[in-house]
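Chemist: Fit chain B to the given chain A structure using the hints.
2 protein chains.
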Amino acid sequence: MLPKGVTFSERFNGINGSAIRAIFKVLNKPNMISFAGGNPSNDALPNDVCAELAREALLSDGKRILQYGATEGYPPFLESLLAHLRSQFAFPVEPANLLPLSGSTQGIDLLCKTLTNPGDTILVESPTFLGNMQTLRVYQQKLVPVPSDENGVLLDALEALVQQTHPKMLYIIPTFQNPTGRTLAADRREPIAKMAEKYGFLVVEDDPYRDLRYAGQALPPIKTYDHSGHVVYMGSFSKVISPGMRVGYMVAHEEIVQKCAIGKQGSDLHTATLTQAIVDLYLRRNLLAPHIQAILPGYRDKLNAMLAALETFPAGTQYTRPEGGLFIFVTLPESLNAGELFQKAVERGVAFVPGTSFFPDGGHENTLRLNFSNSTLEQIHTGMTILRELFTI
Amino acid sequence: MLPKGVTFSERFNGINGSAIRAIFKVLNKPNMISFAGGNPSNDALPNDVCAELAREALLSDGKRILQYGATEGYPPFLESLLAHLRSQFAFPVEPANLLPLSGSTQGIDLLCKTLTNPGDTILVESPTFLGNMQTLRVYQQKLVPVPSDENGVLLDALEALVQQTHPKMLYIIPTFQNPTGRTLAADRREPIAKMAEKYGFLVVEDDPYRDLRYAGQALPPIKTYDHSGHVVYMGSFSKVISPGMRVGYMVAHEEIVQKCAIGKQGSDLHTATLTQAIVDLYLRRNLLAPHIQAILPGYRDKLNAMLAALETFPAGTQYTRPEGGLFIFVTLPESLNAGELFQKAVERGVAFVPGTSFFPDGGHENTLRLNFSNSTLEQIHTGMTILRELFTI
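For the protein sequence lines, the chains are A and B, in the order given. Under this note's numbering, residues 1 to 393 are what the first sequence spells out, in order. Under this note's numbering, residues 1 to 393 are what the second sequence spells out, in order.
For chains that are exact copies, the list does not tell them apart, and a pair is met inside one copy or across any two.
Heads up, simulated DSS-like pairs for lysine-lysine below, C-alpha to C-alpha not over 27 Å straight-line:
no. : residue 1 : residue 2
1   : Lys-63    : Lys-29
2   : Lys-4     : Lys-198
3   : Lys-198   : Lys-142
Because the hints were derived from the structure by calculation, they are not lab data.
With the rest of the complex left out, here is chain A (with noise of 0.2 Å):
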């Protein structure tokens, strides 16, 4: 019971914490296989490489690193992601367009904090990110989804989504999206970024997975499109170096990042300078690129094993086929309920994400989301076999 007289703000009334981070809460059981979370492999974290750049960075120019910081950033951090930046995009960025973030999950936060009211629309794709979901809901947004097929969001229902809302933002993630790990067609993203340009909307380009791609060819992303600043482009380590050291970043329009900047001032002042320090090494060492072509080829064959294993499922089973990223979205026949089947696998050692939580308006009770990236073969073999036997009607 809360103390006399206190209550709880308006802004969550039912906000009851991420479905994904009550989950993991269940999964402390031994052996348990997780197919739940969105974890990158531990095997593709850098743990020894990071312990030397850690020490390294704190004995060369340790006491700015344990110094306060600018809100702006770390400037060795900032130096080495604008040129890593310039040399992976075509879109310009200058320093000014540049804001480091505690993980790209605080960019949702500061870009609802300096840019929404109550009651703004924002389109999200669906399903989409339920953490994201979950933020734009505590800054009380209207959450309109907007209809896709496997290429991605359907232009025309978009335009007439913005035609008739008049939304705030598109919140998207165009490639290997979470959950359903497609992609956004190549001929699906500059219009959308005239779209922007035209209607007057931010886009809000969420791309934590572009560099975790096992197949097919790099596409360019919507931010490349963009020139009216209408595009937020934001990028994260997470899943190429490290989530624990929450390292993102943010690419936008001059005023947006100065005023996130101030958002961020009363959020957590600045990131964490040890982890943009290691992060900087990483880069200026030029350790990322071959990292993540190490890091690849087991992405990969988990993702194919997954698949293999989803083509001996019953027949009515269907399934996203990802040339990326770390998710694959089952459809399962509409007689099943996946938050039923969640607790009959648990019960067998095998945990995912029941897929009505990544539905803007809920239903879709028959999907689930699976997580190749954080089991070994041997555990996706085992864990699937059991799926098969429990998704068997």
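Modeler: Frame of chain A; chain B shown alone:
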């Protein structure tokens, strides 16, 4: 100019960033003597020790440190923090009462997010820490100053304001307050906890400076007298280990902690695990107490040097005489304007913070805040000589 159709949120009307952080940008002039920040001395930042601890943590528990962590904190850190708090304080702390924060700054943001609605009243000391005032304003809180004397807020005035305004919270820095350096008297602490229980408001006790005591006896936190869950205690390792690591914590009623953890999911998901791990080892190896003992004499000398210089200032200059912390607050004769003097001082190579920004209602143009911790004794001597000349009418 903002992109077409994009507007900032109403909550950011009139929010222009912390005056202190703006001042920081002026300080890049070489040889500037800065009494402006709230920075620990670089000498007090244990970067060599942290270099070894960081390396060791990443070699021994690196997979867990680099992987996603729980919003509720890195388990070894929670364990050593709990032991630390139990050894320091008489109030009971259970794991469910603890939430690690990315600096105690984040605590204000999370408490506002989860507990306040726009238009709520927050009682604050006058003057008080301007960074947190900005956060309260972003959450559209009505700030009401509580009259105080050299021993902190006046109880009768506080109770009258509570009856009159029905506040949601009292935000208070009871020990070596920012910006005044003054400490809430021992006999005012229990009555504040009792008042919170009686009237049903929260006391947010922000206590980052308490370990920096150069004279006198430590006083129990207000939280010591809390038997109803109305006091939220916030501590930080920023002033005694490193602000750049961004590690603080909240001790609060279990349900408040749970709700703040949900808010933190959308803020930064969790505090960087590596910095939690470094603080964990710092506490676990009993390095904190000797480190504090080692840094206190230097800080004491600096405080005394600044106070000695102030004794030679023209008659009519008043100032606080803190027993600890980082700041002295100066009140000049009414005819002087600290904002104008700031410009002249910066031209002569000395910086401070004009006091007006610390007052919820502005005014007090003849006041200023001086920081002594981040200057050498020689810089204090030189800088104070310049200020004495400037402050002479």
